[in-house]
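Chain P is fixed; fit chain W onto it per the hints.
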Amino acid sequence: MSLPIISVREIVRKLSRSWWQGLYVIAAVAAASVLTLISLRDFHREAVPPENRPIQARIAGYVSSNACRACHPGNYASWHASFHRTMTQVATPGSLPPDTEKLELAFNGREYKTERRGNKFFVRTRPEGGSYGEPQQVVLVTGSHNLQILWLERGDGRTLRQFPFGYIVAEKMWAPVTETFLIPPRIKEYYSTGAWNGACMDCHVTQGQSRFVTGNKWDSQVAEFGIACEACHSEGQEHIARNHNPLRRFKIHLTTGSDPTVTNPANLKGPESGLACGQCHSVWAFNDMPDKIDFNRHGAAFRPGARDLAQRFVVQPNAPDHVEQKDFIRHSEPDFFHNRFWGDGMIRVTGREFNGVQASPCFRGGEFSCISCHEMHLDSPGQTNAKTWARTGQLKPKMDSDAACLQCHKDMTARLVAHTHHSAESSGSRCYNCHMPRTTFGLLHAMRSHQVSSPSAQESIAYGRPNACNLCHLDQTLAWAAQNLHAWYNQPVPELSEDDRNVAAAVQWILKGDAGQRALIAWGMGWESAQKTSGRDWLYPYLIYTLTDSYAAVRFDAWKSLQTLPGFSDFPFTYTAPDDTLREAATRGYEKWLSEVRDPNAVYRPQTAIDSDGRFRKDVWQRLRSERDERPIFLAE
Amino acid sequence: MKRPSKHASAGAQRADRNLRFGWWSLLVFLCVGAVLEALHGFKIGWYVDVGNETRRLMFTLAHAHGTLLALVNVAAGLMVRTVERFTLRPSVSFALIWAAILLPAGFFLGGIVIYDGDPGLGVWLVPIGALLLFYGVARVAIDLSKLK
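First to last, the sequence lines map onto chains P and W.
Mapped onto the numbering used here, the consecutive letters of the first sequence carry residue numbers 1 to 637.
Mapped onto the numbering used here, the consecutive letters of the second sequence carry residue numbers 638 to 785.
Only chain P is shown next, with the shape it has when bound in the complex (with noise of 0.2 Å):
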């Protein structure tokens, strides 16, 4: 028995130094293979995808931005700082933000309390008098730099649910959803379950389909979540597998420097590069109950350079196109144009600049679009770093000024003064305030309207709108304004009330109008330049009366707008407070006010409708507030 022992201890002692070393080696590498088989199969068995969330999965011809990111790294690493990627993400502690995970919320009846295991989050939601439910997990976060909404996963496959508080990135706070949009108070639920996959999936992610299976479950997947490269430049997978041949590529870079596997929107004439941001950037509406079918099954048929949406439309009011869809749309949903437009037909909800761009008289040259003022990658020089750049709208550099227009009516530079008449440096001479006047609103703000316009004292009285000049010039009237547009621009002077003449518009506005004009001219009174303009005094009973208007959107504007006032910088206030408590903060408000901010030998303009106490004036007061414009109205932005 001991015979096999021996002769393997010969074998080993005959064996020279290098055999050992050979072993040694083998040894090594073969202890290094069974580590790296062990990690594939846990890297395999991380990359199941999740089954109670939509899923990023292969969509024919998709390929993702991690496979652009090798040779476009600059305009990857723009779109990488940009808000369009994250649109939509994943949950995790990286995404969400930085309370989640131990938020305790109640609202309309219910309390919900947030818990994270590891790096997943959890919701528990308890009713009026029962107990916690069973903990809900908390899978994608829609929304970036305004406002994030949490969504979560319903135990019922890839539909999920949302939570119903958002998160408002600027305050650091929490508020019910409800109360972060322009939504009639008597709502309670903005997004149903199932909305994310049956909408929201439509513009937040890129090629999502929605892919819709019974009753309200859907089995959503996306080329990628967020908004990335290849939702403006077509799928890549052509694109890569062309270019692997660098003779190719060599002969792009060297002749037309232009690739036909591929779009670029900075090549295309002006209406088909501004649909490619209109896709999402705008009012649409299925062709009809196919097309949306189809929509909803295999993602959006539209690739940008195409000149018109597919499956879908751009919805212009009064535009010729589509009349029978528009018409079906006005019995199906009768609300639908007042939620989203003026009387004219000029969008009124942010997110949907296209709508205004296509309505410009500037759009007609063709050249005009997105892309004239703003630019999807950080490639201008002199431009400012990524994330100044992205949080400010991704315009090109000085496309927040002059500039922007100057690049076509450059005639304007000489006669600037003639023109405006205002003084060169005055807010009356920036081209913006007059003909993009912030008369849009979403994201509890009022943004410029993208129609490019000019200031009109009709479309105030036809259609409610704010004009730029009464936006600036608060404390006036709106015969005041009639009348210089009549003496500079000889515009006819439309017909107008007593009020028009005798109470300052923005005074009509605030208590008269409708909630969305309300917001507008609540916003509007925090506007610095309207402040230097109009005189801060009198703004303060306006804005704190406004502290309690019935829409949450408006009271929000008008806290906000009442901070950027002497005094009240540190003024606290819980927007989303029941009735009594922001009575209550009203009251407090406006004491504070009359006896320590307010000058006591001030004196306001008749047209303020304020006594020389710092009181409103009771008669025009009434009588304003009786006549307010209470229609429901939610803009749907």
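Relax, there's no trap hidden among the hints.
Listed next, the in silico DSS-like pairs over lysine-lysine satisfying Cα-Cα at most 27 Å (straight line):
#, chain 1, residue 1, chain 2, residue 2
1, P, K387, W, K680
2, P, K398, W, K680
3, P, K269, P, K251
4, P, K396, W, K680
By construction, these hints were calculated from the structure, which means they are not laboratory data.
Below, chain W alone, put in the same frame as chain P:
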């Protein structure tokens, strides 16, 4: 270094040429390294911006290859003196020197003009230099094996 006399063999002269080239080349790429460090230090956008990643890669490769090939030339020159019966063939001496010029020059020129993820046309010098290097290294390995 003692210069080879007029009577010294042609092989020794070639070895000395590689040795001299190696040290001068090392000096050049030492300076290139200092310049690249300065570009980093002063955060020169033309070099460090994310959009210029390809340029940074090309210059880094030029620096790394230039330095390494300078050392290869030094080693080749010293081998003739230290390894008995080993001589540097004229073609090998030529290949190692030109590889040490063409490879880093290709990377460097390729980094001056870039097309997103692609280097400029100068990068086509790199495969020529690589072929010369491959030939030189293989020839030395074979010649050394034959000495056995």
